[in-house]
Amino acid sequence: MVETKKKRETPKIDIYKAWCKACGICVAFCPTGVLAKDEAGYPFVKDIEKCINCGWCEIRCPDFAITVEKKTKGKRILEEKGEAAESKEEEISPERIVASGQ
Amino acid sequence: MLLQGNEAVVEGALRAGCRFFAGYPITPATEISEILSVKLPQVEGTFIQMEDEIASLGAVVGASLAGVKSMTATSGPGFSLMQENLGFAIIAEVPCVIVNVMRGGPSTGLPTFPSQSDVMQARWGTHGDHPAIVLSASTVRECYDMTIKAFNLSERFRTPVVLLIDEVVGHMREKMILSEGEEVEIFNRVKPTVPPEWYIPYEDTPSGIPAMANFGEGYRYHVTGLTHDVRGFPTSRPDEIGPFIARLHRKISQHFSEIQMTEFFQNEDAEITIVAYGCVARSAKRAVFELREKGFKVGLLKLVTIWPFVRSAVEKVLQTSKILLVPEMNMGQISREVKRVNRGMAKVFTLNKVDGTIITPEEIVNRIMEVS
Amino acid sequence: MSEVTKLIHKYLRHDKKFPHVWCPGCGIGIMLGALIRAIDRIGFEKDEVVLVSGIGCSGRLPVYVDFNTLHTTHGRALTFATGVKLANPRLKVIVIMGDGDAVAIGGNHFIHAARRNIDVTSIILNNSIYGMTGGQSSPTTPYGMKSSTTVYSNIEQDFKISELAVTAGAVFVGRGTVYHARLLDSLIEKAILKPGFSMVEVIAHCHTQYGKQNRLGSAVEMMEWQRDHSVMVEKTDTLKPEELKDKIVIGVLVDKQLPVYQDEYKKIRERAMGMAGR
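Residue numbers (the working numbering), protein chains in the order written: chain A, 1 to 102; chain B, 1 to 372; chain C, 1 to 278.
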């Protein structure tokens, strides 16, 4: 149903404690403050509602210890349209990188 | 066929199935590179001239891991540079052949004159405790045969094999008969037959030699110069390192009979035995004739395998001989080993020459007359 | 299962070797992620990939990846890679090196592999220091900085790895930072797909050694520095030289065509066989 697909769903963030070394990178660079550090410095999901599903925490984690399961409409469309759409979706223009970087 | 020793090395290598050569120009081994640069592409092989000898042996080891029989050729200074990756090939158990056409040293030394001064470098040049297989050749025919043997041993035992050739043998032209239909024993590395998930790349087998998978054949595994466990992953556990290093030695030591090659000449009644190798063994053979004419009961033990040292053959001549003479073109690298095996059974004399000229039969004759 | 979990299960020796050996916050792990994403996008079979490395922190990378992996001697990774590639050109050979590996002890191999245009991809992790041995200065330690062997000050000029690769003739040269991890994905992907010698320089932080000795802060702070000092190569035209002075230019720096060694050697073989047949 088209209506339900357009509706935004909250992503699911998992932190794999066994591999996490509490470096703080995911927390520091989360653009919306979804993640926070606990007393020991390990990250936890503080406010999932703020997650914009940018995936940067996952990509910058040096330890493969954080995963973001995307549940937004983008993901659904990807699954329906297959690979062609996927590559288009994932392509990042240099401008966007600079924008996110500066 | 009239061939140079270096040319015979090339023919032997191609016959053994060598299809990759990486090298760096160096006198007196350059002919091997030059001829292979012509011949390897003719048989779908690859020749590459690298930026130095370190790179040459690196490329050779890489090519062997990808499944191609590979070799390089050099002389003393280049052999010094190769010691680093020679050690890698030993610990990672990668077959390959290194021909060292020896020159005098140290350093740049005597590029165009003969010498036998790399005997100990071939044994102990690379750091760490390791086994070594080192062969020598004293005739052009032996250059051919021993190159094939070097490939066979390296494939059989998964280890680098060094072939030491004296400059004079490498550059000497000599008749060599190579018949087309000649049967030559060729050994190819044993590959795993188990499914990839069962493959243990550095498994301790009864022979001590694990099966070797080539890159790209479905057996993805880790190759490292660090001490590793049976799966190839780095380890610093004493209970894994000890057995691993022991196996590296054992895979050679329990197969001495397959590796050690010698030639006895007129030894039946010999009271004096000359122990020699390389071009010196030729002079020694002539000296045996001359001395026998003079009434001396002289024999010759020619070493073809230099390392592992042919202890049992030396012990055999020690039982019959009162005197041993070890003439060599260095300050006494093999005589030291002979003395070690001797333990007072006979008198061991040396004849050392390091001036860039060969040891002549007369010099050997004179030395024997002097000591007997 | 999330995308990254699938990648971890597919490409990493996750059940054997993790968590990995690198310090908390080390950039090598981020680079490793970029590498497996790039390979996944290209769609290589794991059996056809050979990952070669030298010695040092970066040298430990292949052990974590489920390819044909080869951990060679210090600085010599490219020489082994040359042999692997020439012996079996069907294999996709990727070489991981550190700055010490690539431009100190292996500098000669690096420029010659680039000059020959051997079809291998090198990924050089440049963290300006010898991390594993305890923070000694490397050829990429900038002038005036401190290290365990330049405790007063480094009086040498540093190598610019990408510029060196360009001069040596590499047909593809890209530079990125671990902060810009998605750019790394695309640079590595392009480099691997490029026939000939391709190189990606990955600017990374070693907060444990270089950062500590020069008071540059944590991994996060050093990544912020990367963020604030990087300029996409496309934007450099619009900037004045003084604005570019302490900037890292990132992106695709060179992408050109030159005859590839293996292709040329094929022609040599044909000529040699023709002459032998005559």
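It is worth saying that the hints were derived from the structure and are not from the lab. Ideal Cβ positions, reconstructed from N, Cα and C, are used throughout, including at glycine. There's no promise every hint is true.
What the hints assert, rightly or not - Not the full set, but computed from the structure, chain A residues with beta-carbon under 10 Å of chain C: (1) 22; (2) 40; (3) 44; (4) 63.
Do the hints match the structure? See the list:
no.	hint	verdict
1	22	holds, 6 Å
2	40	violated, 12 Å
3	44	violated, 17 Å
4	63	holds, 6 Å
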